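K.L.:
Chain G is fixed; fit chains X and H onto it per the hints.
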Amino acid sequence: MLRTMKHLTGGVAMAAALVLGLGGAAQAKTELTMYYPVAVGGPLTKIVDGLVADFEKENQDIKVNAIYAGNYNDARIKALAALKSGNPAQLSVMFSIDIYELIEQGAIVAFDDIVETAEEKAWLKKFYPALMENGITQGKTWGIPFQRSTIVMYYNKDAFRDAGLDPDSPPATWGDLVSAGKKLTKADGSRWGMMIPSTGYPYWMFGALTKQNGQTLMHGDGNKTYFDAPATVEALQFWKDLGNKYAVMPKGTIEWGTLRQNFLEGKTAIMWHSTGNLTTVKKKAKFDFGVAMLPAKKSRGTPTGGGNFYIFKKTSPAERKAALTFIRWMTAPERTALWSKQTGYIGTRPDAYQTTILKDYVVEFPPAAVARDQLDFATAELSTYQTGRVRKLLDDAIQAALTGSKSPGDALGSAQKQADRLLKRYR
Amino acid sequence: MNHVYGWLLLLPAAVFLLAFTHYPTVATLMQSFFSESTALRPSVFVGLENYELLAEDEIFWKVLNNNLWYAAGTIPTSIAIAILMAIWVNRRLPGRGLVRMAYFTPTILPMIAVANIWLFFYTPEIGLFDQIGAVFGMPSQNWLGDPDLVLGSLIVMTIWKEAGFFMIFYLAALQSLPPELEEAAHLEGAGRWYFFWRVTFPLLMPTTLFVMINAVINSFKMVDHLFILTKGGPDNASSLLLYYIFEVAFSFFDESYAATLTVVLLVLLAVIAVGQFVLMDKRIHYR
Amino acid sequence: MNDVARLTLLDRVEISAAWLLGIIWLMPLLYAFWAGFHPPEYATRLDLLAPLTLENFAEAWSQAPFARFYLNTFILVTSILIVQFILCTLAAYAFARFEFWGKDVAFVLVLVQLMIMPEVLIVENYSTMSSLNLVDTIAGIGLPYMASAFGIFLLRQTFKTIPKELEDAARIEGCSVLQILWKVYVPLARPTYLAYGLVSVSYHWNNFLWPLIITNSVETRPLTVGLAIFGAPESGVDWSVISAATLLAVAPLLVAFLLFQRQFVQSFMQAGIK
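In the order they appear, the protein sequences are chains G, X and H. Quick note: the first sequence uses this note's numbering, first residue 1, plus one each step. Quick note: the second sequence uses this note's numbering, first residue 1, plus one each step. Quick note: the third sequence uses this note's numbering, first residue 1, plus one each step.
For reference, chain G alone in the conformation it holds in the complex (with noise of 0.2 Å):
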């Protein structure tokens, strides 16, 4: 009967339940909505279509309709407005660090209030914890990983054999970095040393830097940042002079979307990028590439970044259940390791890297397990109360200190000024 009834339409399905005295097994099916996002590149929809399918076949009392709504911003947006219009979605993977803007909204609920069970409980704990970071504020925690990334050196072997440079040990430290970038920038313009990309994410390449110098960005309130600390205007002073003083990187701001064909087009021999874009490179590459940890000044690191599982407020106790049990399936080690082969991103928590699934992978692909072992050195991404204007501050004086308009120290100086103003009553 079941199998007959599969071959049916959703409507169909339901009616003919009716007609024939099924009902109760039909309106037990508790309907979810989800928004998700793409900020990388790949086919991820149809991955995410796939998953949810077979989600539904092994769970026939949930029924999922997964809905791609652009990149993170729009994600927030969609969902943000379908819970004004009042007919909301009952969770969504949206950015990780929407998070203090999602509380304040009242829309999300805690997942400490949603699980009951000891095996529930333990389930929270199973994830890398720089990868929690953003999901936890106040003693809660709000998001569970899913679509994670960091940033990661994407390195060109044959430029570095080309330069003299040993292509098996790319630069571990600030000072390495620079002096590689001198020997890998060539005089005539036909190929840069380094590029970081600083438009689309600055402040999140930013966060890479100033935590290697040592520094993070914001208070883990959330209503608190630290942009005009000192290590934090040096770690800008040390972008800016990649380009201006050390003329190993192009001035003025390089573009996030275009930085990966100029890579793959040999036009610089290094960049820092998206973990997401590994499976891309590495499709695309004709030649010899290596993937390494961002350098250290004072130690490695580098921020994490992407989407979060959250479960909104307006949702029935049978819809909050179902999904956890959705979240849950969809984060169980070996869908994970899946998904992480799949799209390049992180396997968000280490028994996924025991599945045999990501074990053959990073045998055979070495490159995988950068992102996973520069965990270790990682912080959050920036997210604090009022998002969007405090991240834009932060962009803005990147962009103005890269483009010359202001000197480091102003620039990160106003931005914290206005900063604080925005966050005073947060506190």
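The set of hints was computed from the structure by calculation and includes no laboratory data. Because the structure is a prediction, the values reported are computed rather than measured. The beta-carbon is built from N, C-alpha and C at its ideal position, and this holds for glycine as well. The reader is advised that the hints may include incorrect statements.
The calculated lysine-lysine pairs, modelled on DSS-like cross-linking and capped at a C-alpha distance of 27 Å, are [stated by the list, open to error]:
hint: 1; chain 1: H; residue 1: 183; chain 2: H; residue 2: 160
hint: 2; chain 1: X; residue 1: 62; chain 2: G; residue 2: 417
hint: 3; chain 1: G; residue 1: 406; chain 2: X; residue 2: 231
hint: 4; chain 1: G; residue 1: 240; chain 2: X; residue 2: 62
hint: 5; chain 1: G; residue 1: 157; chain 2: G; residue 2: 182
hint: 6; chain 1: X; residue 1: 231; chain 2: G; residue 2: 314
hint: 7; chain 1: G; residue 1: 417; chain 2: X; residue 2: 231
hint: 8; chain 1: G; residue 1: 251; chain 2: X; residue 2: 221
hint: 9; chain 1: G; residue 1: 251; chain 2: X; residue 2: 231
hint: 10; chain 1: X; residue 1: 62; chain 2: G; residue 2: 424
hint: 11; chain 1: X; residue 1: 231; chain 2: G; residue 2: 240
Incomplete in silico selection of chain G near chain X, CB under 10 Å [as the list claims (entries may be wrong)]:
hint: 12; residue: 176
hint: 13; residue: 179
hint: 14; residue: 189
hint: 15; residue: 253
hint: 16; residue: 254
hint: 17; residue: 388
hint: 18; residue: 392
P.N.:
Just chains X and H, lined up with the frame of chain G:
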């Protein structure tokens, strides 16, 4: 009876205009006197506070300034090119249909799509402009990443997008001019340059007014390309007023401040409209 | 008259310039064809020996539900056009041929929309739509554009040029107001309808900002918003696929334009849009 018919005929359109033009205009003005509302803090009357914020908002002034330069950069040039195109296409020209089509095609391409193609043109090192430049030994330019170049780059793209559309209006106007005029001028030995400035251009004035209104509105309304090309960067060097409004309203969720910015845009458009009509009215003889 | 006019040097220069400008103006489209029909490794370099491929189109098609986007755009554009024609015709007729109380003020109030286009009022219109429960509907995209000052203005100008005697004759035959409009004015204003219709269709086919704001889902998104998926530089730009997607999105409009180019331009002339 005419009163009734007149209003009845007008009514359907009036309802839509009231609902989606006049009401929101007034509502925007009202909203600008209230504070932002969140789940925790409902909106309250704050008088001119939003306007005080506006006066201190460096980004606003920068964006406004950008927008005025953007208008100044796009309007006269695209009109001049449109007239030139219309004159060329209006005369005997081998392959006239093809050329006319070439001029006009940008009009029917969506800005959001062509922005991606222009992104390729402008990309440093591997982009078309830099590749062409390299052939002539020019250094690579960071077209969209240099605050001194970015607005100019957007202006060039906008002119490309608009000129062909304006050309059609000029072409229509040129073809309605009596050909005897040119013959007479020719007989009297007037040069083409002289003829254009003394006869054609003045006769095209009504078209110019119409096109200019369009161009002005476009310069405040066209922001699609920013989503792809620059997102307003670097450091707001290419941000325009409407894009900033979008950011404030839909990324920062501050409807009140967005309304305040919208009021500025509305006032700006109103001033331009009135100014344009007063100014042009003196120079144009309507036919 | 000067059929056998010799081409002076100046003429030759001018013709070359006109052609050169045409080529420059076509560059983006030519590039889209280049990148769309060649493998990605040729996206940034010109190589006459590059193999042709349809791969990019297949990929673009598989990455987004284009069929649905086409349908949405088609529904959007046609419904806007039909309602615009009706509303603008009625209003234009009122302004062209009736003397009624408050006419001048009303006309100015209509013209306000020439300046204050719906794009400017996205913030308030969004809240209007959400209180009408029309967020994420195709109607929600279209409604702010249904009454068009441009259309009203254009048709009024055209109607004014139509001799009053025709209307009087029809009235004597016993035609009602709407019949007169339908039988006398509308047929005589056909070029204006065509010209305005083409402007409207291409405008809404290409419109982006408002649809982006007001739609949330695949079921309502028009092509332009769908196209932004490829464009979102977040994902790293792949020009080959983007070009293919762009061509897919503009193809219907482009083909229609190429086929009807002559009529299009002529209707502009006849419509007396000047």
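K.L.:
State for each hint whether it applies.
P.N.:
How the hints compare with the structure:
no.: 1; hint: H/183 / H/160; verdict: holds, 16 Å
no.: 2; hint: X/62 / G/417; verdict: holds, 19 Å
no.: 3; hint: G/406 / X/231; verdict: holds, 20 Å
no.: 4; hint: G/240 / X/62; verdict: holds, 23 Å
no.: 5; hint: G/157 / G/182; verdict: holds, 16 Å
no.: 6; hint: X/231 / G/314; verdict: violated, 33 Å
no.: 7; hint: G/417 / X/231; verdict: holds, 24 Å
no.: 8; hint: G/251 / X/221; verdict: violated, 31 Å
no.: 9; hint: G/251 / X/231; verdict: holds, 19 Å
no.: 10; hint: X/62 / G/424; verdict: holds, 26 Å
no.: 11; hint: X/231 / G/240; verdict: holds, 21 Å
no.: 12; hint: 176; verdict: violated, 24 Å
no.: 13; hint: 179; verdict: violated, 23 Å
no.: 14; hint: 189; verdict: holds, 6 Å
no.: 15; hint: 253; verdict: holds, 4 Å
no.: 16; hint: 254; verdict: holds, 6 Å
no.: 17; hint: 388; verdict: holds, 4 Å
no.: 18; hint: 392; verdict: holds, 7 Å
Comparing the model with each numbered hint stated earlier shows that hints 6, 8, 12, 13 do not hold.
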